[in-house]
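Student: Sequences listed follow chains G and B, in order.
The first sequence begins at 1 in the working numbering and counts up one residue at a time.
The second sequence begins at 1 in the working numbering and counts up one residue at a time.
In case anyone wonders, no lab produced these hints; they're calculated from the structure.
A hint or two may mislead.
[To be verified] Below, a list of computed lysine to aspartate or glutamate pairs in the EDC-like style, where the Cα atoms sit at most 16 Å apart:
1. 466(G) - 255(G)
2. 415(G) - 314(G)
3. 388(G) - 309(B)
4. 458(G) - 135(B)
5. 237(B) - 309(B)
6. 218(B) - 648(G)
7. 304(B) - 322(B)
8. 471(B) - 521(G)
[Unchecked claim] With the C-beta cut set under 8 Å, the calculated list includes, among others, these residues of chain G facing chain B:
9. 60
10. 95
11. 96
12. 476
13. 510
14. 512
15. 543
16. 616
17. 789
We treat Cβ as the ideally placed atom computed from N, Cα and C, and that holds for glycine.
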Amino acid sequence: MSRFFINSKSIAVAASVLTVGLFGAGLAGAQPAQPAKKNTRTEIVFWGVSLGSDSKGQDAVIREFERRNPDLSVRVLSMGAGKMDPQKLMTSIVGNVAPDVINQDRFTISDWASRGAFRSLNDLVERDKNDPEAPKKEQYYDSCWEEAMYDGNLYAVPTGADNRILYWNRARFKEKAAELEKAGLDPNRPPRTWSEILAYSKVLTEFDKSGRLVKAGFMPNFGNSWLYMYGFMNNASFLSEDGRKCTMATPEAAEALQFMVDGYKIVGGYEKAKSFESGFRGGENDAFIVGQVAMKIDGDWILNTMSRYAPALDFGVAPPPVPDDRFYKRGRFTNEKDTFVTWVGGSSLAIPRGARYPEAAWRFIKFATSTEGRMVESRAQNEWEKLKGRAFMARQMASKEFNELQAKEFRPAAKNFADAIDMHVEMANYGRIRPVTFVGQVMWQEHVRAMEAACYGKNSPMGALKEAQSNVQRELDAYFEKERYPVIDLRLPAVLGVLALVGVVILMIVSFYRAKLGRLERGEAKWAYLFISPWILGFLIFTIGPMVASLFFSFTQYDVLNEARFVGFKNYAEMFGSDKTRLLKALSNAAYLAGVGVPLGLSTGLAVAMLLNMAARGMRFYRTVFYMPAIVPGIASAVLWSWVLTPDPGKGLINSYWVKSISAWMGLEVPGWLTSADWAKPALIVMGVWGAGSGMILWLAGLKGVSTTLYEAAGIDGATPGRQFWSITFPQLSPIIFFNTVMGFIGSMQEFDRIYVMKPNGDGPIGPDDSMLTPVYHLFNNGFAYFKMGYASALAWLIFTIILVITAVQFQLRSRWVYYESDK
Amino acid sequence: MNSGLFFALGTLAVWAGSVFAFQAIVALFRIVFSTESRDLRSNGRTVLVSSLAGAALLVVGGVGTRSEAGAFRFPLVWFVMPWTAWLGFACLAMAIARLIQTLTAINAEEQRSKSVSLGAFLIAAFVFAVLYFSDKSNKIEILKGGILLHAPVVAGIILALIATTAAMVYAARFAAGRGLAKMLVSQITLMVGCVVFGLPFAFLVITSFKEDRDMSSKEGIVWIPKVQDTIPFKDPKNPKFEAIYEGKKVVAGIISKKGDTALLDIQKPLAIRGITFEAKISDLKEVPTDAQIFSSNLKGTPVKGFVVENLDDGRKTLQIMEPQSLKGEQHTFMPAEVEPVRHVGLRVQNYSEALDFLPPETNGGLVYLKNTLILVILNVIGTLSSSAIVAYAFSRMQFPGRDNLFRVLLATMMLPGAVTLLPQFLIFRTLGWIDSLYPLWVPAFFGSAFNIFLLQQFFKQIPMELEDAAKIDGCNYVRTFWSIMIPQIKPALAVIAIWTFMGSWNNFMGPLIYVNSPENMPLSYALQLFQGDRYGEPGLLMAFATLTILPVLALFFFAQKYFIEGLTLSGLGGR
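Same shape as in the complex, but just chain G (with noise of 0.2 Å):
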């Protein structure tokens, strides 16, 4: 250990930059981020939206409510909390530390309702039924104000109401005129139904020589449609009456969801489409826009990026096409009243249970959703617009009343920015809404997944439907029975704990004072107690109490807000019933990762100590580069490597080089890496083995302590250099190799925080088809987005005894293959 020596002028120059940083960081942070005056008001906090150029309105309408409520002002958080991130929103409200007023999704309000997360805002609304302000049903479109209710309390109030309907490009029709008219297609009007938007997309598709999507006629869910959407047109149910039963796997959806199949496979693919899409990405390149795609359903927030960024597009708008039975009314549609259906969504305002304002964030949700309130940001929005040159797109709004009075007022000049208006308000008295249930959010999630399963053919449009429905019914089953479970008063086995651990503390004093110790030993030994205490209590506050609580909740069904309910081995029958597809998916996925992972990065290490391992000038220099990706932070590394593997050519590092070399040479397309399902761990692992650079210390460590008379030896023996490899350096290295197998499982079975940054964006499938879940991931998604304390306790027990398993075996098994020079 002579080698160590404190570099004192290094630690003190490290430690006086930090000093310096930390001083101007606090002085920094010292100055008043607010001016006094705003201290006197009363703060409401607002979550889920951001302001910004594209929301004057937003603005204007909080800087009208501040000036007409002088004791209130409204800080709005941009950062902290996504509309979707549910885990975020859950978590404050748990720790006691909510928003005042929340903008969220409307279908997951019933969620949230039922676990008693939001206020409920009856008695507020009834209290101020005469208020002019106050939002009444009768104002609403029923959809949406049934959306925001739950077990017949309201306790949101509808905002936006996007509905979707179908956009065509005329520009692209009158190009293609002469192939429609040959295909029987009529190219001056868009498709109706299902069969005729499959027949146009078949026309105006069109693939280059190497087999490449250049054009594409339809991506069913390119826009926003989903499978909801075609459900609703099928008049798939998704959920029974009394909100029991998951109805997902019915005929209807599953010929929906084929219908999607169906349309993918036109474009070439679920793959191919995908990373098609992504060559535009959003905003002003929306591959509608830019004329790639000829037909798309989406919402009426495309109106304001077109009027901005292509405002002479020629395009065309029509209701959602129908399935064929439905528009001919024939079958099952025979006596169906609506022809078009579509489906509606939007946000809403709600109060989260634990705001400390509730009084003041009701005094603003009913300014903001008033009809006065909304002309006061419609008209904002529309002079800013004005301002800029630009026509204003009133969005649709869930108050009919405003809806159909802003339409009036706020009227495009262009027709065909009229008609889509037009078009949206009339499509939503025909909205139909996602289940209202507390599961929304899971099935939600379950869809999403079943549509992804289908559509990149791992499963039949039933199959992967019926896994969701099961899903889906777990949810249902463990809220309709916890009735059946017996509360449990957590108080108890607290008491109970802490009764227990004083009585060990009791018992270990009492056996130190009968211990026969001397003077000298008793003062030592009351000296190593005092010393090892910060042990003792850590052990037993952070790791024994937390795991005995762990065992505890896992036979419980708890999700702090409700109380507690004693169910016995029901989450472990879960783990190994409903469950076990999703299970089984992150332990092969972390299998997968150890599996090529560990065995890569080891060599690649192996390699690149090899290399540092000969005698060359600027050793230092080379050392760095190799060992510098190992202490980039990770999540900055792995900020970069979401870049590094971007799949558009033109934008990602290794692709870039993947269509010069690999796809010149031999034909193949560029990977789409983490937008691609078998893609996606490579990915990981790539990035892994770039990591694994530094490896080559613990090898290089390893290289040096082999004994060169061994090597003498055996060249004196005449084996070769590869003899000597596996014959030498391998056994005497298998120390290092057996440790960091076992740690590569342990670790990529515990992989998060790089996952949770890389996956791609939106809620549902942990990456494509779920193939970057690990079961630490899926413990996390359990246990803090939803709560579900028991289950995910269940799992964390899982996770440790898979743990404790495999280095017990693995502990047996060295014996037989790795070398100890001690054992000899």
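With chain G's structure known, arrange chain B on it following the hints.
Tutor: For chain B alone, kept in the frame of chain G given last:
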């Protein structure tokens, strides 16, 4: 399938032929530069055999892989098959190797062991074959490919190869030459390795200095950043003003005026852009903005001018700067008609803009840095002090139950964090610590099993005499620990300090679970949120990422040795 197989075999032949040809050339040069006759004969034989074999293989391979006339194609082949097939073939190859070893074994024992392993591989291959054929959809596809080479390129490569070989063979005659050649080879390999490992890092840094237009390019990655020339410009139509909003300086444009007050629209800082506020006109100070310079063509005359106005349909109005005759005139151009005037340079604004986008209450990210530093410092102090004192007691002091307690401590090293994650959350919730930094550093003060174990190993190595001498001198335990023992284990402490530093700097799941408001966020979590918000702007994102990496890099350069020692210790922990 058959043509594919032929192609695969042909490819193999071409590759083998090339190797033989290369061998022939090497041997030829040996003859040319060599003086010894013994070498001459054996080398001559090599030349003859290799060139014949090479030529034959190249011809066969050339025929087998011929796909189209024209340029020369160096064939490549790839098999697209399921993993069962891959493993099956691998086992088969191993079996064949073992078969050969069995046949050529020098004694019965070796023969027996090799044939056992031969059997094992055959069985494995059979199992994989069964697995492969059990799924009807499995199929093996042979991908034909090749590197398209034009005649001059081929000639160039061959000439270069021959020249290098000649030089190497020639150099090998002298000791000095051999040394030089070896050095060159190792330097080149190291360089190549460096490029591979350094490339993503270079990509990070260079991207953080690129303009948006360089983020995507048909030719591949843009490695040399360029920036557009700008000129300070006070727009008379749409002037920008410096004003005070909530006590902070902002840059804003006027929306409307009423009496002596104006309604303003914030444009900088970017985090609060779009917010409207009122201010007295007398308080405003006009500031110039940077107008971008473009070149274009006006009725045949090349012109250069700066942007006066960006119209919404993408057209730009330029005020001409060159040529002199047109100076000051304003013309409107279509987007396709203008070309930005750029020079090689770094777009440092990415950094200031990235910080500008952060929420105003974080003071341009300083609050994040402060939080991270608080966490790092408290964690390091906590871990070091608690682990050292506990390890000291376990290794140098006698007390009842010591060995049992230590066994318990060792056992907890195996415990995954996942088991205690949820109950710990509930504990911190009870304490009201959600949305604070406490859950992220307080546990550090209770020691960590692995560090205690490691330090215990170090303490054990310190000779007993030192402690005894201290005792005789009247030191109490605290004094002994602090003045005698601590200096002895400084290196280990440094290593642990660095681990803890890295661990708490990188901690992500903790802040993700416990922290909500920007005031309490550390850098790692802030970076992830930033990515969510600014995904479409890689320049800013990479700039922010680089900023979060810099302090760690700085520490690495100061304390490189401890980083590397630390890794060795951690990796050999299982030994």
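Student: Does each hint hold? Answer for all of them.
Tutor: Okay, the hints, checked on the actual structure:
1. Pair hint residue 466(G) plus residue 255(G) holds up; C-alpha atoms about 13 Å apart against a cutoff of 16 Å.
2. Of the supplied pair hints, the one linking residue 415(G) and residue 314(G) holds, its CA atoms being roughly 11 Å apart against a limit of 16 Å.
3. Between the alpha carbons of residue 388(G) and residue 309(B) the distance comes to roughly 11 Å, so the proposed pair stays at or under 16 Å and holds.
4. Pair hint residue 458(G) plus residue 135(B) holds up; C-alpha atoms about 14 Å apart against a cutoff of 16 Å.
5. Only pairs whose Cα atoms come within 16 Å are accepted, and residue 237(B) paired with residue 309(B) is accepted, the gap being roughly 9 Å.
6. About 10 Å separates the Cα atoms of residue 218(B) and residue 648(G), which keeps this hinted pair within 16 Å; it holds.
7. The straight-line distance between the Cα atoms of residue 304(B) and residue 322(B) is roughly 5 Å, inside the 16 Å bound, and the hint therefore holds.
8. For the hint pairing residue 471(B) with residue 521(G), the CA-to-CA distance comes to about 14 Å; that is within 16 Å, so the pair holds.
9. A distance limit of 8 Å between C-beta atoms decides the matter here; for residue 60(G) the minimum to chain B is near 7 Å, and the interface restraint holds.
10. Taking 8 Å as the C-beta contact cut-off toward chain B, the hint placing residue 95(G) at the interface holds, the least distance being around 3 Å.
11. At its closest, the beta carbon of residue 96(G) sits 7 Å from a beta carbon of chain B; the interface hint therefore holds under the 8 Å criterion.
12. Interface hint status for residue 476(G): violated, as the beta-carbon distance to the closest one in chain B is roughly 23 Å, over 8 Å.
13. Residue-level restraint check for residue 510(G) is violated (minimum Cβ-Cβ distance to chain B is 12 Å; threshold 8 Å).
14. For residue 512(G), the interface hint holds, the least distance from its beta-carbon to any beta-carbon of chain B being 6 Å, beneath 8 Å.
15. With 8 Å as the threshold, the beta carbon of residue 543(G) comes within range of chain B, its nearest partner Cβ sitting at about 6 Å, so the hint holds.
16. With its C-beta approaching chain B no nearer than about 4 Å, residue 616(G) sits inside the 8 Å limit, and its interface hint holds.
17. Using the Cβ-Cβ criterion of 8 Å, the hint placing residue 789(G) at the interface with chain B is satisfied: the shortest such distance is roughly 6 Å.
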